[in-house]
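Protein chains: 2
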Amino acid sequence: MALTGDIVIGTERLSGRAASFKAVDPATGDTLEPAFAFAGEAEVERACELAAEAFDAYRDTAPESRAAFLEAIAEEILALGDALVERACAESGLPRARIEGERGRTVGQLRLFAAVVRAGHWLDLRVDTALPDRKPLARSDLRQRHIPLGPVAVFGASNFPLAFSVAGGDTASALAAGCPVVVKGHPAHPGTGEMVGEAVRAAVARCGLPAGTFTLLLGANETGAALVRDPRIKAAGFTGSRGGGLALAALAAARPEPIPVYAEMSSINPVYLMPGALAARADALGKAFVGSLTMGAGQFCTNPGLVLALAGPELDAFVASATAALADYAPAAMLTPGIHGAYEAGRKALEGNGRVRRVAEGKVGEGVNRGRGALFVTEAADFLADASLAHEVFGASSLVVRCRDADEMVAVTRRLEGQLTVTLHLEPSDAALARRLMPVLEAKSGRILANGWPTGVEVSHAMVHGGPFPATSDGRSTSVGSLAIRRFLRPVCYQDLPAELLPAVLRDDALPGLPHMLDGAAKLPG
Amino acid sequence: MALTGDIVIGTERLSGRAASFKAVDPATGDTLEPAFAFAGEAEVERACELAAEAFDAYRDTAPESRAAFLEAIAEEILALGDALVERACAESGLPRARIEGERGRTVGQLRLFAAVVRAGHWLDLRVDTALPDRKPLARSDLRQRHIPLGPVAVFGASNFPLAFSVAGGDTASALAAGCPVVVKGHPAHPGTGEMVGEAVRAAVARCGLPAGTFTLLLGANETGAALVRDPRIKAAGFTGSRGGGLALAALAAARPEPIPVYAEMSSINPVYLMPGALAARADALGKAFVGSLTMGAGQFCTNPGLVLALAGPELDAFVASATAALADYAPAAMLTPGIHGAYEAGRKALEGNGRVRRVAEGKVGEGVNRGRGALFVTEAADFLADASLAHEVFGASSLVVRCRDADEMVAVTRRLEGQLTVTLHLEPSDAALARRLMPVLEAKSGRILANGWPTGVEVSHAMVHGGPFPATSDGRSTSVGSLAIRRFLRPVCYQDLPAELLPAVLRDDALPGLPHMLDGAAKLPG
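Residue numbers (full-length UniProt numbering), protein chains in the order written: chain P, 1 to 526; chain F, 1 to 526.
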């Protein structure tokens, strides 16, 4: 397909808008054709109007139809073929294998949500049977289901142009819940966005759904603000910077009708190198750590930006191994000039901070937008004395915090902000210290992993990609995995409703075929 | 037990504080002994410190121990005997039968949550098995459970001195989730609060739990603000006015680490009298409506403050019937002089509003703090033209909105704010209009009931006492029923953790005895 740069809302195609921009290949600095139009307030208004009009018809789709729609999106994305991969590579600077893998993940999560919609647990059906003879008061027939919140605004992320973008996890889970979606695409990959947006629109048309079920817009910050302020939008999903997420949350809270914002914002993903693990394999840990640190030019939300360990020769060995490995790291281009600039500023701030020492560097990059890898070391007391050392530096930079003893390691942990992940490298001999840390780690993070690396997030049922503030704006949720659907739902109770007014899923004939709770007891179909 | 008016925090009893106040019997205006001390910032600080210290031990209690604790609270409340009933009647002006019923409900919901804790659905356990041979990447062993958020602040409501107060639904669901609770008791019933608080403390001691598991404080608005601002508090539950709820939500959002606030605030609970129902039983509906309107002096969150119907002789018959019934209503005392004053102000505002007509009044009250019942009528066009007509008047006042036709009824419905409940009175002949209304009603409310009255909220599994803003600050939740536990939980994922570090409920030996999801398939014990 040829990219147009047009704004498409419903069945209208708006060409030749004044404000327009072009994508940049971050690996070369070259400008990529065509020009893309920015949506203004009128387009936001129209997209939200169509989404609101589409809501009742879309949320009324039977589970099988909605699942088929999600699968159709997956098919349409695959049907874009290699052109999608090429454009995504060009716009992101990410290598082909990564983009192909990410496409697989994106398609996989759409299919996972299709299965989720069919299985029906998300409806959370509950029935309390009438007790007409109960004394002193009869009990009514009470039935509960979860319904979608309404149209959802999704803000695409820069760092996963497919999996966290136009048809990424937020969109898939909101559509699965029955919510129309208006995406504000990330300007770092407008062509990728247009292609995926067309794929979703093709699936909407193929499935006979209202055109307002899905709209993709590009725009400035004001466009995003108008979207979150629109009274027809009932929730927002966002992956990006802390500043951006907090701004959206503030806008949402200031609305006449506040709405939930699920912003995934900031995490330094502490990695604990326990004494037994360091003693057993400091060298291997150092190498593997650098592999995780530099993956995707360090541009993962789960990038290991902090390492905690007890000071000593084993930690020195780890640092030496990491130093050697990092010295071999030839940096890839970062996603955008802006992200590269922010990385360099963050790295320079650390280099200028008297409380830290730079112990290792990667190679100087060849070409533009290369973020040179960096490893810093500090003492726990210094880390505790300077809150700025706990701020995320988005890119291939990490900070090793040397703790004098276990008490200090626990004390540092208690002072950490909320995190997406924490990682423990440990041996059986480390169990006592690990057990001491566990309650603190649980209170601080959404995922705790052992003897692995935080980069790489499985899309499955048990995954949590979330965590206490500021990792996310709402630690009660996840943005990856099947539980993500719950963010866009709310419960409604139906009391003594005649069968013809009950939702189909709550009628006596439907309940045996769906998981539900009957007078407090769980019932499964079949 | 003799009331002391002391502040009790952990094992410390603080007597003789300067700032103190006494309760008032709203039925007589008499002051009731003793004087109660207000907690200041130091006491809030200390209570939160103890709650934070108690958190890990309390959340680690086995399900059976936590359930036994909830049951012990119920026993200790019942052991207070008639003294509790008498004090609650004196402080609230509510009749004995109501308070006895409310005690039964309070005890019942503690026992319901004990059963919920034992059944284990709230843990939402999920396991994705490791796939070491998967290509291109192996899958880790992933296990998920829900854990409690941390210490919770609960604000007691005035209108249910037992069921929505010190050991009411918010406290029961937070304790069930594993969260220590700091209650700010409502100053309308400090003696009732002290007695119930002592009962909870006795249960804490009996069950060998840390004293910081539960603290009751009384105080001014600043005390509540200090509580919500305290960094150790991780969520808040509130039932009360829209102003109060919004103030708490704003404080919570402005914290360095924002926290969820579950505020149940404002609802006028529209009642739809459908043409068929009006034709069949206008007279009976009028009588029953007044029964619901005046129950508990109109001081229910679910009080029917709005009636919608098509104009015509059947609606006139309903109004005539309601007028006659209301004329017989001899008002009971309202809960506090302040609530009575606000009711009178709201009623006077309606009487002075040229868009409405007062069509009925109750009897003049004998004694202080009596809110005279009132029924007003307006036209749909007037209702739409004056937003103030949709504001809650807390007490036995309601407004009938006459719609010219079904379109106008739908249009009014679309303009309503979020509600706790909506009620349909209907006959089979009304099905078409009801079906047209249903999607709008679902979008506007947490509970839809047919041919009943919204006052009276069952405490069960399928109940929703919640609804879109401003009925609550978070329409994704309920404050009544077993689903309320979910408000105080968040998911954590454990990846490849050695068995000795996994939470007990997620170990291989425990899973078969608990409901869980295994690779996406639901599994039930037994």
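The set of hints was computed from the structure by calculation and includes no laboratory data. Fair warning: this is a prediction, and the values are worked out from it, not measured in the lab. Take the hints with a grain of salt, since some may be wrong.
[Said to hold, decoys possible] Taking lysine to aspartate or glutamate pairs in the EDC-like style, the calculated list, with each CA pair at most 16 Å apart, reads: (1) Lys523/P to Asp509/P; (2) Lys135/F to Glu100/P; (3) Lys135/F to Glu458/P; (4) Lys135/P to Glu100/F; (5) Lys348/F to Glu361/F; (6) Lys135/P to Glu458/F.
Q: Tell me, in ascending order, the numbers of any earlier hints that this structure violates.
A: Hints that this structure does not satisfy do not exist here, as all of them hold.
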